[in-house]
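Turn these sequences into a full structure, and let the hints guide you.
There are 2 protein chains.
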Amino acid sequence: MKKVVIIGSGPAGHTAGIYAARAGLEPLLYEGWMAGGIAPGGQLTTTGTVENFPGFPEGVGGTELTMMMRAQSVNAGVEVLTETVESVDMSKRPFTVKTSEGEVEAETVIVATGAIARRMRVPHEDDFWQRGISACAVCDGALPVFRDQPLVVIGGGDSAMEEAMHLSKFGSKVYIVHRRDELRASKAMQDRVLANPKIEVLWSTTLIDVKGDSALTHVVLKDVKTGKEFDHEAKGLFYAIGHNPNTGFLNGQLEMDSDGYIITEKGTTKTSVAGVFAAGDVQDKTYRQAITSAGTGCMAALEAEKYMNENPL
Amino acid sequence: MKKVVIIGSGPAGHTAGIYAARAGLEPLLYEGWMAGGIAPGGQLTTTGTVENFPGFPEGVGGTELTMMMRAQSVNAGVEVLTETVESVDMSKRPFTVKTSEGEVEAETVIVATGAIARRMRVPHEDDFWQRGISACAVCDGALPVFRDQPLVVIGGGDSAMEEAMHLSKFGSKVYIVHRRDELRASKAMQDRVLANPKIEVLWSTTLIDVKGDSALTHVVLKDVKTGKEFDHEAKGLFYAIGHNPNTGFLNGQLEMDSDGYIITEKGTTKTSVAGVFAAGDVQDKTYRQAITSAGTGCMAALEAEKYMNENPL
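Chains B and S are the protein sequences, given in the same order.
Numbering-wise (the UniProt record's numbering), the first sequence opens with residue 1 and increments by one.
Numbering-wise (the UniProt record's numbering), the second sequence opens with residue 1 and increments by one.
Do not rely on the hints blindly, as some may be mistaken.
Chain copies aren't distinguished; within one or between two, either way the pair holds.
[What the hints assert, rightly or not] For lysine to aspartate or glutamate, the following EDC-like pairs were computed, each having C-alpha atoms within a straight-line distance of at most 20 angstroms: (1) K270 with E58; (2) K306 with D158; (3) K173 with D148; (4) K198 with E86; (5) K266 with E255; (6) K225 with D181; (7) K306 with D191; (8) K169 with E79; (9) K98 with E310; (10) K98 with E86; (11) K169 with E107; (12) K285 with E265; (13) K235 with E26; (14) K198 with D89; (15) K2 with D89; (16) K3 with E83; (17) K225 with D191; (18) K169 with E310; (19) K211 with D231; (20) K169 with E26; (21) K235 with D127; (22) K187 with E265; (23) K198 with E310; (24) K187 with E310; (25) K3 with E26; (26) K92 with E233.
No lab work stands behind these hints, which were simulated from the structure alone.
These numbers were taken from a predicted model, which means no experiment stands behind them.
Structure, rendered in structure tokens:
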């Protein structure tokens, strides 16, 4: 039986691993085999240079950062398995973690499976992903390539409004492309956005393709009322249409919100099942940064250790 | 007037700086001049190698890590001033931040002034600080020098019990030195500790000095009932007698707990004053790690940005 099983291999999973290993808990970490359609390391592997993870004055490659975290995890004594967890039986402790290769019992489980940014999946999207297209304005907005350039945000909720406000400090103009003729965002956020001279909402419009050369130059939009299609200049395209947390394999055994995010006791990583902890983006729809994920990974390991001290099997 | 003033220069302060600068908020960060009796960079500067900050497979020096965070902050556009903040007028917004050199108005303030671990200040303590003496079992317990060696923990509260349990996985024996003949810790934690064959409580005993050569070898203890003094072998000495958060300069303007920690809305960095945020150890008596501090620094910057979007001056 394992004391700690960690599911996920992004900053939250590996930070939990480092702390659990250093606490002598000999953790087992499942990094997954393209789990959630993404490589071990998680969303960081889909980004270019990370400039906002503290400790790297010149920035660090997303994939490089995940590889260093993995190496540190292994150095600390974490056992890393490249298997995808298919299900976890949380009905009794020890919990049973099942993969395609077998199953293992666990005194505690840390779920750190992340979330995947939704994309529109327009025809040429993959050609310009991270060459102008991003799913994180906070991460990428400050890049020099976007300075004083026309930028486009897709979405109509509070997050989209916040991203547009954020981007308006950098771009020459920010266009919010929204398929309806009203926004879903709160009245207060709408007022701010509509009053911002650098932001313009393109109502009843939808993205149908992207164009460019070595990087994005235009988005192809469609007016959903007239059916007319047209090119629109854009050096940056930011998806703000939400994320899908990777929680399907839990089969609803943990309390989740309507979007499938795991609900944790505020200020902790405790889930609705004692002995199961959740860290990183799988329980965070607000901050969603590598550094906040890593912080909650640490918290989960410390809480798992404390839980076992207080509740020995 | 500044949009964001950050007070403090540890992982929380600089991560807040990096995020605020990248959001175009042109933050001003006061790193202090030996504020709280500690160099810019905070508690990390008093530690040797940091092995648990994710991203550094071989570990990184504490001072080196703080210098890299500072460099990254400056690269991102943070204005860093080496002045100590003497007071902040939070009675009205904009807030007024006063230093020995002058004052500045701020739309939002992020307090990230940290906390200092309490020490016993016995005669030869400085000679063996980080050469066997530590104030963080979670950080340092796994170091090879402590493996299968006699270790001593000073304290009688829940934290001391948790640190002793943690260290019992590494040391040959863990002695809890406690000046009273009963513990302050919860009954559950006491039961665990007293049942652990690798832990022994030295009741009614107090630390009066430390001895060693290149590193710690003995603690000098005193039986407070008999007055007898004696040497006790110890390769590690861990203070678990609490921390002093650096909040005196706030003059009670923010809601704090009885130990002087700033109270934040759980799961956020919001303080009792709208527009003032707190990040890092100054608001965290539970986790107290560089990585958790950095995470809350990021949160504070994102929350300050959102706050200003929703509440423009």
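Intra/inter-copy verdict for K3 and E26 if alpha-carbon distance must be at most 20 angstroms: within (7 angstroms within a copy, 46 angstroms between copies)
Between K92 and E233, at a C-alpha cutoff of 20 angstroms, which is it: within one copy, between copies, both, or neither? neither (56 angstroms within a copy, 44 angstroms between copies)
Can you give me the call for K225 and D191, within, between, both or neither, at a CA distance of at most 20 angstroms? So K225 and D191 fail the 20 angstroms test inside a copy (25 angstroms) and across (71 angstroms) alike.
Between copies, within a copy, both or neither: which fits K270 and E58 at Cα up to 20 angstroms? neither (35 angstroms within a copy, 30 angstroms between copies)
Evaluate K169 and E79 at a C-alpha cut-off of 20 angstroms and name the case that applies: within, between, both or neither. For K169 and E79, the Cα distance is within 20 angstroms only across copies (18 angstroms; inside one copy 44 angstroms).
Give the relationship of K98 and E310 under a CA distance limit of 20 angstroms: within one copy only, between copies only, both, or neither. Neither, since 26 angstroms and 46 angstroms both go past 20 angstroms.
My question is about K306 and D191: at a cut-off of 20 angstroms on alpha-carbon distance, are they close within one copy, between copies, both, or neither? Cα proximity of K306 and D191: across copies only (14 angstroms, versus 46 angstroms in one copy).
For K285 and E265, with the copy left unspecified, which applies at a CA distance of at most 20 angstroms: within, between, both, or neither? both (14 angstroms within a copy, 17 angstroms between copies)
Please work out whether the CA atoms of K173 and D148 approach to 20 angstroms or closer within one copy, between two copies, in both situations, or in neither? within (8 angstroms within a copy, 63 angstroms between copies)
If the cutoff is 20 angstroms on CA atoms, where do K266 and E255 land: within, between, both or neither? Let me know, please. Close inside one copy (13 angstroms) and across copies (19 angstroms); limit 20 angstroms.
Quick one: K169 to E107, C-alpha cut-off 20 angstroms, is that within a copy, between copies, both, or neither? Between copies only: 17 angstroms across, 48 angstroms inside.
Is the C-alpha distance from K187 to E310 at most 20 angstroms within one copy, between copies, in both cases, or in neither? between (47 angstroms within a copy, 11 angstroms between copies)
Comparing the model with each numbered hint stated earlier shows that hints 1, 4, 9, 13, 14, 17, 22, 26 do not hold.
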